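Given chain A's structure and the hints, the job is docking chains B and C with the ligands onto it.
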Amino acid sequence: MAEGRVSIVVEHCKACGFCVEFCPTHVLELSSAFNSKGYHPPHAVHPERCSGCDLCGMYCPDFAIYATKVAPGKERDK
Amino acid sequence: MSDSLITDIVNAGVNPVDQILRTDRMPHIWCPGCCIGTTVNSFARALIDSKIDLGSLALVSGIGCTGRVAGYVKLDSFHTTHGRAIPFATGLKLANPKLNVVVYSGDGDLSAIGGNHLIHAARRNIDLKVICVNNLIYAMTGGQTAPTTPGHSITSTNPYGTFEPSFNLPHLVEAAGAVYVARWTTFHVRQLARSISEAFQKKGFSFIEVISPCPTLYQRRNKLGDGLDTMKYYKEKSKVRHGAPTGEVGLTMTGEIIVGKFVDRDRPDYQTMMRSQYCESLGEKFVEQEEMVCS
Amino acid sequence: MKADHCKADPRGVLTGTHFIDGDHACCEGALAAGARFAAGYPITPSTEVVERFASRVPTVGGTFIQMEDELAASITLQGAVWGGAKAFTVTSGPGFSLMMEHIGYAAMTETPCVFVDVQRGGPSTGLPTLPAQADMMQARWGSHGDYEIIALCPNSPQECFDLTIKAFNFAEEFRVPVMFMMDEVVGHMTEKVVIPPADQIEVFPRKHTHKSVEDYLPYGTNGGQVPEMAHAGEGYNFHVTGLTHDERGYPNMTPPVQDKLVRRLQNKIRAAADRISLFEEEQLEGADVVVVSYGITSRVAQRAIEAARKSGLRVGKLRLITAWPFPEKKIRELAAKVKSFVVPELNLGQMVREVERAAAGKARTFAVSHAGGGVHRPEDILKVIVEASRCQTA
Ligand SMILES: Cc1ncc(C[n+]2csc(CCOP(=O)(O)OP(=O)(O)O)c2C)c(N)n1
Ligand code: SF4
Ligand code: SF4
Ligand code: SF4
Ligand SMILES: [Mg+2]
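Chains as they are written, first to last, in our numbering: chain A, 1 to 78; chain B, 1 to 295; chain C, 1 to 394.
Check each hint, because a few of them may be wrong.
Think about it this way: if two alpha-carbon atoms lie no more than 27 Å apart in a straight line, the pair counts; the simulated DSSO-like pairs of lysine-lysine are [unchecked claim]:
1) C:K260 <-> B:K74
2) B:K98 <-> C:K207
3) B:K74 <-> A:K37
4) C:K7 <-> C:K268
5) A:K69 <-> B:K74
6) B:K98 <-> C:K211
7) B:K98 <-> B:K203
8) C:K337 <-> B:K74
9) A:K37 <-> B:K223
10) B:K285 <-> C:K383
11) B:K235 <-> B:K223
12) A:K69 <-> B:K51
13) C:K310 <-> C:K211
14) C:K211 <-> B:K74
15) C:K337 <-> C:K383
16) C:K383 <-> C:K339
17) B:K232 <-> A:K37
Covered stretches of chain A, as calculated for chain B (at least 3 residues, CB under 8 Å) [said to hold, decoys possible]:
18) 7-20
19) 26-37
Don't read these hints as lab results, they were simulated from the structure.
Being a predicted model, the structure only gives us computed values, none of them experimental.
Beta carbons are placed, not taken as given, at the ideal position from N, Cα and C, and that holds for glycine.
Bound-form chain A, shown alone (with noise of 0.2 Å):
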């Protein structure tokens, strides 16, 4: 059960890595996907890891990613 769930705000992505490389649970990869401009976003391959850390909101320089904790129970109910 994810406690945290990411975003990701694909046209700013310029596909760093830093977010797939430092998350500590693994929840990303890069998809092979293009955004407009060519670069590879990332995407959730495990959401349900997502501890809503937002570390790879930290780490990325194109403010294209960030994370928001999720209150117990509601992704349930989604």
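Chains B and C with the ligands only, in chain A's frame:
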């Protein structure tokens, strides 16, 4: 996912950094893998965590890739001239002591063309928080040698390798009188945020050096890989040594990077000293500076 | 009195009759105008201005800081302006040269401030203790790019007081750096200076915005020429940059934005040139020759003018109080009526070029140059007046 084009996905909440960004100016000009933006994230978290009143915060930059930070933050922000962020910030702070004044600029800006101002502001102990993004190079102008470029690096103006000794900035500013000196790399996002918060608790000249990659010019010319490779290098080769003697924290091209809080001491700041000197010498005749309401 | 003027803060006004030199009078003018911040770096023959400010300002409520160099001084004062102060710096030739980049910054960012230059002989270290008027073109063109400034030239300690106030008032009204072009003689000459009561001194207040945070455009002019200012710490979250910028203050480095901005920076001064151009005139009506001078040279020229009149020549006098914007309309009008202009100045020919340009061949122009280090001998000026009175109009 397939090899398709994705343009949008549904996002939740807001990015905390957006609170201090001029989002209408995004995306920014910095290269892929450049970590100037990463330092801005730590700065934003520090402001939020330490509950600084953003209305009383002014940010001053010089010129350079890092100097562009001033244009991206939703604060009273000044993009000044090359090297002169510190004296501009000095005027701002002295005219309105209630302001929290941050100087955010590059290594070349602060330590080469602005080097004289750096040491004198530290000596005077002007109450400024200086964040120096040290990418070991003059980036904005195309990768020329800076006073911080480690020996043997290839730069556009030392195509056969640099041979000038470089500045060890923490050592320099400690000797000049800074009350708070720390160094982190852009790998140390949380530690950096904490240091910035700590600096806000200090009254006086604080200096935080952030070692940051310039993948486009420094890393590429020196075959040091891209931004991610550099971040991995920082992770591997950084050693946290709080209180390390600053004389021992000089940088090399590929060696160990000593990080941590090196100096945390107290000394009256410029305005405190000025006031007490005037009180002592002028007694009754001293008139406190009021808020500078211009008429 | 215009509605947007107000009276000087009495705390800064040393009302009374004084016997002081031009440097000290300039400092008193700055205090009377409301300057509460100065940053400086010592240089002869200007230092007395900040020395006096350093001694006076803690009794008035303000700050003086001696910076590490003129590069610093000339931008520190601008930081103070954005913090809410009226501020200035004081220097002489070598320091003025170092300040050039920041004159451009003040022009570009529309930072109201005053640069005092007590001119000495150059180039380089030149004549540290002796006069010249050789920074006149530098004051106008010294920073790179197209811009416009205002420059005033006092010729007595009394004017050092009066015109320093005017300099601050122009700076505030037009949001422009104003050059206060003294010279060593005027700076060090001691004369009677009358400082009126504060309620007789008009001061132009900062053009501070009344707009709400939402409505405020830092470089929007609402059809006018001069934008309204906000200060740091008031919640406006404005951005100031020396890059070409739009009305929001955001960098926008495109030819149309550059064109609009730089033309406005020029036009805001040019459109008001008639009002800014101050001069003193004497017997211009029916004159054959007009002597155009400024600063200390105007006082030396007076002797020559009077001698020439005694010998029957019809000589008029035009003393430039405002050097920039150059009063070209006035010169053009005169050129249509007179035979010639005589321009004595303590340089090898600076403002004389402007006179010649404005006269546009309608009247001849004679320079009376002097390399600096002293003042002209009145007979040298007289000789040229005589020559000029005999010339044939082109
Ligand atoms: C007076 C002046 N000289 C030179 C320059 C050109 N210039 C712009 S940025 C820069 C170097 C910036 O280096 P640094 O401060 O390290 O910033 P970075 O781009 O590396 O972040 C130089 C030399 C200038 N703008 N102004
Ligand atoms: S850190 Fe940011 S820019 Fe880099 S890959 Fe992740 S989302 Fe993209
Ligand atoms: S919030 Fe933390 S756990 Fe979730 S994706 Fe980002 S780095 Fe990984
Ligand atoms: S040139 Fe270097 S410092 Fe400048 S934005 Fe690109 S990577 Fe960053
Ligand atoms: Mg750099």
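The hints, checked one at a time:
1. C:K260 <-> B:K74: 25 Å, holds
2. B:K98 <-> C:K207: 22 Å, holds
3. B:K74 <-> A:K37: At roughly 26 Å apart (the allowed maximum being 27 Å), K37 (chain A) and K74 (chain B) satisfy the hint.
4. C:K7 <-> C:K268: 25 Å, holds
5. A:K69 <-> B:K74: Cα-Cα ~25 Å, so holds.
6. B:K98 <-> C:K211: Answer holds: K98 (chain B) to K211 (chain C) is near 23 Å, not above 27 Å.
7. B:K98 <-> B:K203: Given pair K98 (chain B), K203 (chain B) holds - Cα atoms ~12 Å apart, limit 27 Å.
8. C:K337 <-> B:K74: Violated. K337 (chain C) to K74 (chain B) sits at ~59 Å, over the 27 Å cutoff.
9. A:K37 <-> B:K223: 26 Å, holds
10. B:K285 <-> C:K383: 56 Å, violated
11. B:K235 <-> B:K223: Given that 27 Å is the threshold and the Cα spacing comes to 18 Å, the pair holds.
12. A:K69 <-> B:K51: Distance of about 20 Å is within 27 Å: holds.
13. C:K310 <-> C:K211: Distance of about 61 Å is beyond 27 Å: violated.
14. C:K211 <-> B:K74: 18 Å, holds
15. C:K337 <-> C:K383: 22 Å, holds
16. C:K383 <-> C:K339: 16 Å, holds
17. B:K232 <-> A:K37: 26 Å, holds
18. 7-20: holds (count 11)
19. 26-37: Our answer is that it holds, as 6 residues pass the Cβ test (under 8 Å) against chain B, meeting three.
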